[in-house]
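Trainee: So the protein sequences, as listed, match chains S and L. Numbering-wise (this note's numbering), the first sequence opens with residue 1 and increments by one. Numbering-wise (this note's numbering), the second sequence opens with residue 1001 and increments by one.
Among the hints, a few may not be true.
Okay, the calculated beta carbon distance ranges per label pair [to be verified]:
{"id": "1", "chain 1": "L", "residue 1": "T1152", "chain 2": "S", "residue 2": "P66", "range": "31 to 39 Å"}
{"id": "2", "chain 1": "L", "residue 1": "T1148", "chain 2": "S", "residue 2": "T137", "range": "34 to 42 Å"}
{"id": "3", "chain 1": "S", "residue 1": "A119", "chain 2": "L", "residue 2": "E1149", "range": "17 to 25 Å"}
{"id": "4", "chain 1": "L", "residue 1": "R1316", "chain 2": "S", "residue 2": "A119", "range": "51 to 59 Å"}
{"id": "5", "chain 1": "S", "residue 1": "V178", "chain 2": "L", "residue 2": "E1221", "range": "29 to 37 Å"}
{"id": "6", "chain 1": "L", "residue 1": "A1145", "chain 2": "S", "residue 2": "V177", "range": "26 to 34 Å"}
{"id": "7", "chain 1": "S", "residue 1": "A119", "chain 2": "L", "residue 2": "E1194", "range": "23 to 31 Å"}
{"id": "8", "chain 1": "L", "residue 1": "S1136", "chain 2": "S", "residue 2": "V178", "range": "32 to 40 Å"}
{"id": "9", "chain 1": "L", "residue 1": "Q1211", "chain 2": "S", "residue 2": "D68", "range": "37 to 45 Å"}
{"id": "10", "chain 1": "S", "residue 1": "D68", "chain 2": "L", "residue 2": "G1276", "range": "40 to 48 Å"}
{"id": "11", "chain 1": "S", "residue 1": "L133", "chain 2": "L", "residue 2": "Q1211", "range": "17 to 25 Å"}
FYI, nobody ran anything at the bench for these hints, they're computed from the structure. The beta-carbon is built from N, C-alpha and C at its ideal position, and this holds for glycine as well.
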Amino acid sequence: MKKLIALLLAVLMVAALAACDTQQPADPKDTTPPATNPSGNTEPSKPAEEGFSFIYEGVELIPGAPFDPSALPEADSIFTVPSCAIEGTDNVYSYPALELTAYNDGSGEVIYSIYLTDADTSTTEGLYVGDDLARVTELYGTTYTENGTELTFTKGSTCLCLILNDGTVISIEYRMVV
Amino acid sequence: MKKIKTFLSVLAVLLVFVLLLSFFNRLLTPKYATELVEGSMIAQYYGEAGNHDVIFIGDCEVYSNFSPMEMYRQQGITAYVRGTSQQLIWQSYYVLKETLKYETPKVVVFNVNSMRYDEPVKEEFHRLTIDKMKWSAEKVGIINASMTEEETFLSYVLPILRYHSRLTELTSEDWEYLFKDKYSTYNGYLMKKEVLPVGKLPVKRPLADYQFSDICYDYLEKMAQLCAENGVELVLVKAPSLYPYWYDEYSAQIEDFAQAHQLRYYDLTQQIDTIGLDFSQDTYDAGLHLNLSGATKLSGYFAELLAENHDIPDRRQDAAIAAEYEEKLRLYDEAANGGT
């Protein structure tokens, strides 16, 4: 009888281990967040509040907000960046003035970044590639973080990332904060 | 007598507990047999270790692009690829260290793509490299070097802690491969025959900082040192992918490191035409990795470089090796000529 109880206890201990609900990462075979979602956050994304946004073809694009490709004209191309092995891909939508990178959070596509590719296209506030630092601070102020040649202005859960070369803006990108 | 009975009872309980734990660990750990086969690559090596003149180390760019079978067929080179998905450089170091316990190749080829990553991308990738690794000092090292803040060392010792949620998601694969393994590579090369031509690539964006991190340099230095200590020549290579972009600034840093350490560095992103790669037919994912057709071209080209510049011998006259590779090539060609 004692042996039986001991055996049952052993089974229960293993079962308890198997069933314990700790904060462990997901199974690799589960649907996983894509490569450009560095946070690894699997929570459905919500539209950013009080953040940077970019209006394109009359559509407001907000990093971190759901993306509906049908709201925009057809993209020139869509480049899918697959993961090496694990499920999850990012789509890079190319439009005449920008590249929009979206990932799938399980419930649909979410805007990760908006990169301006056309020198004649400005930010919502009026900044162009080729403008100088004075123009940057005039439009966005002096509260930013600096990483190498990149200046990052953060607003809500979005940021505007500018790369400068010799004091001139050479890259403009909106990103979701992760 | 009673004490002995109690002792035996306790022992029996412990034994049952250990057996059950081992069983559930085995059952719940992904088998990587028919899905996510990249997770079984590390383990496949153990059964084939030894007698390789060349070992490739690195991420998906080695196991997708370099085919040891073609290297043998074209130059008689015996090679093995110890690559895993998103293998970070600190993981490469421990994989190399482990490999050198099994054999001493003439050349280790390290794909430098991982120099651009100084932090983990996904915990799931760690598991593909570490789960099936044999327990050793190197496994302890790779776990400690790889763990993210959310992970615990214990979850690698007892995978049941990591995979307990799979209890309700078990598939037939979990039962079929409970006590056996299934491997999918040819000396570490994962064959993919699909064709997805390259289309319009995303714009090549300037980066705020092209400088590789100290941690990456530290591990590259360690790999160079480890190879030197073991009398192995370390060769640095960048596989010829079109995307993600391999910037000139990256290549210049590797070139500097190679010169300072008297190593050879082959930036194959600059040799795409020479190799004869045609990205309208030689890639299975629009320019990130090569398919079988592309890997065949690249492997032939690189085998020639290894033979000419690194004196890697032609082993086709060795009867034992020839017999072994005849069988391997038969299976390889069967897969290559079979359905997709």
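Trainee: Would you list, in rising numerical order, the hints stated earlier that this structure does not obey?
Mentor: The structure breaks hints 3 and 7; every other hint is satisfied.
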